[in-house]
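Asks: Given these sequences and hints, build the entire structure.
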Amino acid sequence: MQEIRKIEANASAAPKSGLWGWIDRRTAVDAALRSALYEPILGGARFAYVFGSGLLFIFIPQVITGVFLALYYIPSADHAHTTVSYITKAVTAGSFLRSLHAYGASAMIIVLLLHLSQTYIYGAYKGPRELLWVSGCVLFALVLGMAFTGYLLPWDQRAYFATAVGTNAASEVPLIGETLMRMMRGGTEMGTLTISRFFVAHVFFIPACVFVLVAAHILLFRKAGPAGPPDEDPYKPKKKAELFYPRQVLMDLSLTALLIIGLGGAVLFCSNEVGPSSESCGRPIHSAPGVVLPAHFSMAEILARSCFRGRHSDNPYGSGNCGRRASVFRSQHRTAAMETSCRYWSLRICIAGTRGTRTAQRVSR
Amino acid sequence: MYAENSEGVTQKSASAGPSLQNRRSFLGALLAVGSVFVGTLLSVPLIRFALFPLIRQTTDTKKSPVGSLSEFSSLSEPAMRTIQIEQIDGWRKTISEKAVYITKDRQGQVCVLTSICPHLGCTVPWSKEKKLFICPCHGGTFSADGSRISGPSQRGMDTLETTVQDGQLLVRFQYFRQLVSDKEIVG
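In order, the protein sequence lines correspond to chains A and B.
Be aware that the first sequence starts at 17, since it is given in the numbering used here, and climbs by one per residue.
Be aware that the second sequence starts at 1183, since it is given in the numbering used here, and climbs by one per residue.
What the hints contain is simulated information worked out from the structure, not anything from laboratory work.
These figures come from a predicted structure and were not determined experimentally.
Accuracy of the hints is not assured; some may be wrong.
Okay, derived cross-link-like pairs now, BS3-like style, lysine-lysine, Cα gap no bigger than 25 Å in a straight line [unchecked claim]:
1. A:Lys105 x B:Lys1280
2. B:Lys1280 x B:Lys1312
3. A:Lys105 x B:Lys1275
Computed spacing ranges between beta-carbons, pair by pair [claimed, not checked]:
4. A:Phe63 x B:Asn1204: 26 to 36 Å
5. A:Ser51 x B:Asp1271: 47 to 57 Å
6. B:Gln1336 x A:Ala231: 45 to 55 Å
7. B:Ser1250 x A:Glu205: 48 to 58 Å
8. B:Ala1214 x A:Val216: 34 to 44 Å
9. A:Ala106 x B:Thr1222: 17 to 27 Å
10. A:Glu205 x B:Gly1333: 55 to 65 Å
Footprint (simulated), chain B over chain A, 3 or more residues, beta carbon under 8 Å [unchecked claim]:
11. 109 to 115
12. 149 to 159
13. 200 to 206
14. 223 to 231
Glycine included, C-beta positions come from ideal geometry on N, C-alpha and C.
Replies: Listed below in structure tokens is the structure:
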């Protein structure tokens, strides 16, 4: 493996000319690029390895579209829904960018789950990659946090009730639950302080943590190198290696192309509409039974409730009309979604699958 | 053609070196061009999104009444009136009041001047003592018909488009570019 690195090192040592040479002499970008592209992959290139690069590809457009959406968005109960409607209905390409941001968030969670599953099934969490695994798990939590905080920002009824359910699920945590919920909401009620807090978490706090952890994750990956197939010895690799470029790059790009086509098609043919304002919750809400929470919220809620079931069985979502309606919605949601929906069974299948994989790994050892 | 080195890294044999490098360089160039193309394509909606306020009409172009024309037929000096215009400020529609001066041009015809200084946008008041428009910011002076007398401004005060309907004088309020010698509408 050292030999092939030397070959590439010699190739990079050749003097470059022109603009690229001028830039390279000042930044050593060519050597960095070669170091990244000519990473040996134990066992050769595989489609199973494409999800990490895919995540990076989705994350960058999320940042870009998010920054552009912030040009028009105002995080207050008075203006949030109006500004999102303005973006969607008035601003040129606003609906496209907002839909791309919304669908990109869902795609990111799906790809993240695939990446996590691949890492787990391939046993890539084992030594010496423990820190890589831990940083990935923290990143997973942060991405869920991004999705959760971003969901409220349009301040429509769906966002309002989803966050009411989410923050109430947080109140189920022993000892600190109530404090946690009030800290998230900025008080007992959901209102302009909730939006402000969620906005700050969504655009400043969590992204800063994500950037730091992504850098650490990539650094740790560069240090440990690719893990290779499940049956590979992580300390004394025996499998044949293949360079990252070109085959693995092409495989990664195929997922990227798939994501571009998939997201582009979804955005063009089924744009993400903004719902009725949550300010209308003083009036009868006919749309409440039809409000559907994202799958990851339901899973998080199921996990929270299964862990801390019964602690706050009488815990209201908040006082006032909106709170009572949310409470009704919650019971409807619990009945309809938690006990009979496909998501509930999907989660059970996931858990069973995870247990099965773990057992299979034990047997293979 | 493929060979395995001492540590098991699959690579092409040395004899295929230059050809391999050429193919990889070509593929790299192809990927770079493709990435730039896709990136450029995806940046189009971003640019259109960011530049939206530049192409959007932000001021109502409807004409506002300033009073009866007969009221201004015997003007001896410019008279200030306020008109209401609807402005679109992002998602908000606001009604704002703007000051205009009704005066007579050199031919003795009634005309309407905007009170916004063509130098840097301060509001120019009429001085009854000096019989001049005097800008309080940089001392620019204009005659009663709005033509430039002195100061840093490169042109006289801007006249607004007017019409007479049923004896009523109507004016279309507009903004003009400052710091230039020719009158140029900006909104």
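Asks: Next step is simple, just say for each hint if it's right about the structure.
Replies: Okay, the hints, checked on the actual structure:
no.	hint	verdict
1	A:Lys105 x B:Lys1280	violated, 30 Å
2	B:Lys1280 x B:Lys1312	holds, 24 Å
3	A:Lys105 x B:Lys1275	holds, 16 Å
4	A:Phe63 x B:Asn1204: 26 to 36 Å	holds, 27 Å
5	A:Ser51 x B:Asp1271: 47 to 57 Å	holds, 52 Å
6	B:Gln1336 x A:Ala231: 45 to 55 Å	holds, 53 Å
7	B:Ser1250 x A:Glu205: 48 to 58 Å	holds, 55 Å
8	B:Ala1214 x A:Val216: 34 to 44 Å	holds, 38 Å
9	A:Ala106 x B:Thr1222: 17 to 27 Å	holds, 26 Å
10	A:Glu205 x B:Gly1333: 55 to 65 Å	holds, 57 Å
11	109 to 115	holds (count 4)
12	149 to 159	violated (count 0)
13	200 to 206	violated (count 0)
14	223 to 231	violated (count 0)
Hint check: violations occur at hints 1, 12, 13, 14; the rest are consistent with the structure.
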